[in-house]
Amino acid sequence: GNSVTQMEGPVTLSEEAFLTINCTYTATGYPSLFWYVQYPGEGLQLLLKATKADDKGSNKGFEATYRKETTSFHLEKGSVQVSDSAVYFCALLARGADGLTFGKGTHLIIQP
Amino acid sequence: DTAVSQTPKYLVTQMGNDKSIKCEQNLGHDTMYWYKQDSKKFLKIMFSYNNKELIINETVPNRFSPKSPDKAHLNLHINSLELGDSAVYFCASSANPGTGVEQFFGPGTRLTVL
Chain A
1 GNSVTQMEGP VTLSEEAFLT INCTYTATGY PSLFWYVQYP GEGLQLLLKA
51 TKADDKGSNK GFEATYRKET TSFHLEKGSV QVSDSAVYFC ALLARGADGL
101 TFGKGTHLII QP
Chain B
1 DTAVSQTPKY LVTQMGNDKS IKCEQNLGHD TMYWYKQDSK KFLKIMFSYN
51 NKELIINETV PNRFSPKSPD KAHLNLHINS LELGDSAVYF CASSANPGTG
101 VEQFFGPGTR LTVL
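Top line first, the protein sequences correspond to chains A and B.
Residues in the first sequence are numbered from 1 upward in steps of one, following this note's numbering.
Residues in the second sequence are numbered from 1 upward in steps of one, following this note's numbering.
These aren't lab readings, by the way, just hints derived from the structure by calculation.
Nothing here was measured: the structure is a model prediction, and the numbers come from that model.
Cβ atoms here follow ideal geometry from the backbone N, Cα and C, with glycine treated the same way.
The reader is advised that the hints may include incorrect statements.
What the hints assert, rightly or not - Quick look at which bits of chain A chain B covers, simulated, 3 or more residues with Cβ under 8 Å:
#1 40-51
#2 95-104
Said to hold, decoys possible - Some chain B residues judged to face chain A by a derived CB distance under 8 Å, without partners named:
#3 Thr31
#4 Lys41
#5 Phe42
#6 Leu43
#7 Ile45
#8 Ser48
#9 Ile55
#10 Ile56
#11 Phe90
#12 Glu102
#13 Gln103
#14 Gly106
#15 Pro107
#16 Gly108
With these hints in hand, go ahead and build the complete structure from the sequences.
See the structure below:
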């Protein structure tokens, strides 16, 4: 079956630090990959996505590259801000499927 | 304008009651979904509807029944509520399912069963 594995955290960093949140997946075929972000008390917002191997998704300073050879989609940001504090979810959409398969979420805390 | 909206935002009820959560999307999407987020933040698909047809049911108890009066609405009805049903329920919608397009999520409904 399909699955997504990501570090659960909490991950605590100082402002302006470099961020990496690891995400690896198992899926049949070639899925589309997503990062969603959930700010406290809010719903999920799409952060970025990639639909094929070697694609790089980017948004708001965040980046992730679809690596088929390592089945990974790690999230990175060069300099985090306090406002980036949230829960980040890696997810996949398998070909022919309709529902997203989510990782367990990574709680990110940025301290000033 | 809100793309995907849900009501109510909070729902507190007693065990054994029947309740409904409403969802509406104004994006013109063909497919709508319900997800459950448990106390540990884990998200899991419950249902999806495409053109009024149920196309996913992920081993959800039959006490849960999605109802879609039209393409823009997918309501979730829950019978005989149990303590374990306490969670945040998210509605979502997308165009062209399975082609890699994003799903747009509503703000969530926090259900607490006492």
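Okay, the hints, checked on the actual structure:
no. : hint   : result
1   : 40-51  : holds (count 7)
2   : 95-104 : holds (count 9)
3   : Thr31  : 6 Å, holds
4   : Lys41  : 5 Å, holds
5   : Phe42  : 5 Å, holds
6   : Leu43  : 4 Å, holds
7   : Ile45  : 3 Å, holds
8   : Ser48  : 5 Å, holds
9   : Ile55  : 6 Å, holds
10  : Ile56  : 5 Å, holds
11  : Phe90  : 6 Å, holds
12  : Glu102 : 5 Å, holds
13  : Gln103 : 6 Å, holds
14  : Gly106 : 6 Å, holds
15  : Pro107 : 4 Å, holds
16  : Gly108 : 5 Å, holds
In this structure, none of the earlier numbered hints is contradicted; all agree with it.
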